[in-house]
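A.B. asks: These protein sequence lines map, in sequence, to chains A and B. For the first sequence, the numbering used here assigns the number 1 to the initial residue and increments by one for each residue that follows. For the second sequence, the numbering used here assigns the number 1 to the initial residue and increments by one for each residue that follows.
Since the hints were derived computationally from the structure, they do not count as laboratory data. Take these hints with a grain of salt, some might be off.
Heads up, the list lumps identical chains together, so a pair's fine if it works in one copy or across two of them.
Derived lysine-lysine pairs resembling PhoX-like cross-links, with alpha carbons at most 20 Å apart [said to hold, decoys possible]:
{"hint": "1", "residue 1": "K115", "residue 2": "K213"}
{"hint": "2", "residue 1": "K232", "residue 2": "K418"}
{"hint": "3", "residue 1": "K392", "residue 2": "K101"}
{"hint": "4", "residue 1": "K22", "residue 2": "K55"}
{"hint": "5", "residue 1": "K392", "residue 2": "K88"}
{"hint": "6", "residue 1": "K88", "residue 2": "K48"}
{"hint": "7", "residue 1": "K104", "residue 2": "K392"}
{"hint": "8", "residue 1": "K272", "residue 2": "K38"}
Number of protein chains: 2
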Amino acid sequence: MNFAIKGDILYSYDKKTLVSKKDSYVVCENGISQGIFKTLPNKYKGIKIYDYTNKLIIPGLVDMHLHAPQYSFMGLHMDLELIEWLNKYTFPEESKYKNMKYAKLAYDIFVNELKKSPTTRFSLFATIHVPATLYLMEKLEKTNLKGFVGKVNMDRNSVKSLQEKTSESIRDTLKWVEKSQDFKNIKPIITPRFTPSCSDELMLDLSNIVKDKNLPVQSHISENRAEIKWVKELVSGINCYEDAYDKFELLGTHTNTIMAHYVWPDEKGIEKIKKNKVWIAHSPSSNRNLSSGLAPIKRYLDMGIKVGLATDIAGGSYISMFRAMEDAITVGKIRSCVVDNNHNGVNLKEAFYMATKGGGSFFGKVGSFEKGYEFDALVLDESKIPTVLMPKLNIAERFERFVYMGNGMISGKFVFGKKIV
Amino acid sequence: MNFAIKGDILYSYDKKTLVSKKDSYVVCENGISQGIFKTLPNKYKGIKIYDYTNKLIIPGLVDMHLHAPQYSFMGLHMDLELIEWLNKYTFPEESKYKNMKYAKLAYDIFVNELKKSPTTRFSLFATIHVPATLYLMEKLEKTNLKGFVGKVNMDRNSVKSLQEKTSESIRDTLKWVEKSQDFKNIKPIITPRFTPSCSDELMLDLSNIVKDKNLPVQSHISENRAEIKWVKELVSGINCYEDAYDKFELLGTHTNTIMAHYVWPDEKGIEKIKKNKVWIAHSPSSNRNLSSGLAPIKRYLDMGIKVGLATDIAGGSYISMFRAMEDAITVGKIRSCVVDNNHNGVNLKEAFYMATKGGGSFFGKVGSFEKGYEFDALVLDESKIPTVLMPKLNIAERFERFVYMGNGMISGKFVFGKKIV
């Protein structure tokens with residue numbers, strides 16, 4: 001089915017270049033963008049038009065890392081750092097998802113909020129529980145959002161109620177991957193929680209599943225300094241956290257891989273991240289809330305490492321990817337000021353790139369309106385932003401204000417050509 | 001006129017102590033709190049009751065530093081550091097307030113937004129222009145909000161369109177102070193913009209006005225490292241920025257004084273700040289947006305220095321003091337992590353204290369529901385926060401979630417016993 005949307009269009013061509021087209025059309029043919037037109041070509045005369053004249057239209061936003069079961073306590077218990085926070089609040093909460101009654105209630109709320117949010121694509125963590133994870137995938141499938149969901153693996157250093165035997169973790173993973181084949185919009189992603197939660201044996205078995213089934217991988221890396229120290233004690237024969245995944249060929253060796261956070265890179269490890277084309281999921285909100293640190297995102301971008309943005313619910317305390325953009329900029333500025341002292345922080349163009357094409361590339365041709373890209377779009381609602389009294393703003397300036405003042409309010413949302421909101 | 005409000009009440013007793021009272025009353029008599037009661041005493045039987053049962057009620061929030069004329073470009077032009085930002089964007093915008101037509105349009109929007117916001121008390125900067133500043137004070141007077149407004153003084157290093165002659169700056173200040181006497185809710189505050197904008201002669205004359213008229217003072221201090229270096233070049237015989245105000249007895253010597261930012265304290269200067277009981281206005285949003293740095297707020301609190309929170313519109317990019325609380329916490333955590341490395345950041349209790357009693361003390365007995373405090377209150381609207389599926393939250397937990405997830409939405413607002421919203 002073909003249609004077009006009309007309005008003031010902005011997208012990120014690359015991390016240095018914004019493209020804006022006033023009062024133009026983006027044409028969608030079978031879920032794929034046919035590009036931007038000032039006037040509709042004859043071949044498209046008569047197709048359905050969604051008229052958003054004078055409204056801002058941008059590509060959909062990609063949330064590269066969040067935890068669906070943690071949405072239930074987002075904005076609470078922000079008083080601890082990573083390891084203590086996991087043990088005291090997070091693991092006990094995730095344990096509740098063994099109970100399907102609880103899981104259904106909680107996931108129904110989460111899926112409803114995600115559907116209304118500016119997020120169009122995502123890669124998220126569920127829990128270790130197969131039935132609850134399949135329920136979450138079913139609910140997400142129906143929204144027509146697209147993304148990856150991971151049944152979490154963890155066979156050590158958890159609370160008793162949230163720890164698997166290695167054999168059962170693998171058996172459940174294979175069962176879950178099998179049952180996930182029914183879904184079109186939602187795909188499985190292999191998800192060892194992080195090295196402290198996964199024995200060498202489990203990592204090795206998961207690595208084999210990745211190779212056999214050709215599945216993508218997501219995990220956490222180098223988020224917190226105490227965590228990094230612990231990992232070096234847990235895994236023999238490694239020099240850095242990066243090696244703890246590379247040792248088991250889980251650092252982008254065979255497949256697309258997302259590593260969340262990467263706040264504290266190792267100078268040797270960072271070369272492997274780059275060489276293996278690992279996507280880094282940057283969550284500035286989580287990195288502040290858990291006192292993790294200031295990730296050197298500008299350096300990653302300048303090195304050509306793949307970086308996307310993430311909310312990291314519930315380490316992160318909001319669902320709006322516009323807040324993630326704002327925080328990527330401000331956290332990057334603070335790092336440039338107090339750590340690098342080089343006046344070279346992350347800017348709006350780079351944040352917009354990371355939130356669209358940067359993360360989108362994990363999903364294929366996603367994150368732009370250029371011809372051939374999957375048609376994901378957001379229509380921004382600027383109605384609550386008080387009028388400024390200055391020469392009429394251009395499209396990029398209106399977008400900047402929206403990032404800071406728009407509260408993530410959208411009046412339209414499309415994913416792969418389907419209207420969601 | 002006496003009345004009571006009923007609901008779930010939370011206030012900050014001191015920076016370590018939250019007080020919460022489920023389903024209770026706060027009684028207001030002639031604008032003054034009579035304290036909190038589980039059941040209304042007989043003497044209050046029959047008074048008007050605002051019934052906010054099951055809603056959270058907290059003291060009003062105090063914005064210690066913001067620039068009213070900058071609201072018109074809030075959320076724009078976040079690409080420069082302080083001095084360049086002032087010259088390229090801020091000074092040209094403030095120049096427009098010479099034109100009363102522009103000033104009226106812009107200030108009408110600002111005052112309307114401030115009235116709807118969670119802010120009940122404020123100390124703000126206007127521009128150098130007397131007619132526009134008096135118009136702003138008239139509009140604010142009518143809202144029944146309470147606060148200080150400063151006609152800005154600047155006789156050097158500005159753009160041509162926004163620079164006064166010293167004599168004219170003093171003459172206009174005296175005229176403005178005279179005309180400000182009509183207002184009840186809004187009071188004048190002497191406002192040398194900051195040392196780079198004010199000659200020694202101007203500082204001296206303003207200091208004399210402060211003494212003659214017994215007026216409070218507000219200015220900026222030690223916000224940006226380049227600024228501090230410049231100040232040491234501009235003023236002879238000083239060792240630190242603090243001395244540049246102290247030299248003219250404008251650092252809390254004779255009167256209540258607010259100094260905004262104070263990101264980079266001098267080890268000798270900080271003792272003068274403490275000794276002279278200067279209030280520091282901490283604006284975490286502005287300090288990030290302008291790459292100013294990470295203010296050592298936890299240290300100030302531990303030293304017993306007076307600290308309040310501020311939005312610093314438009315260096316800050318939001319009007320909600322709840323965002324200022326959130327950012328005070330997260331920016332404090334980041335400083336504790338990357339600068340102090342002491343796991344001792346600013347916590348929610350301290351942020352709440354700074355936003356209420358900490359800043360409120362500048363206005364008298366303001367920022368609490370204890371008997372004898374001026375009755376400023378906010379009723380919080382939690383309706384947009386998705387239900388969490390966990391044991392029923394207590395009042396302090398609900399408040400924490402509201403700070404992170406509430407979007408500053410209020411369903412009631414009182415200042416000195418008058419209902420504003």
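A.B. asks: For each hint given before, does the structure comply? Return the numbers of the non-compliant ones in rising order.
C.D. replies: 1, 2, 6, 8
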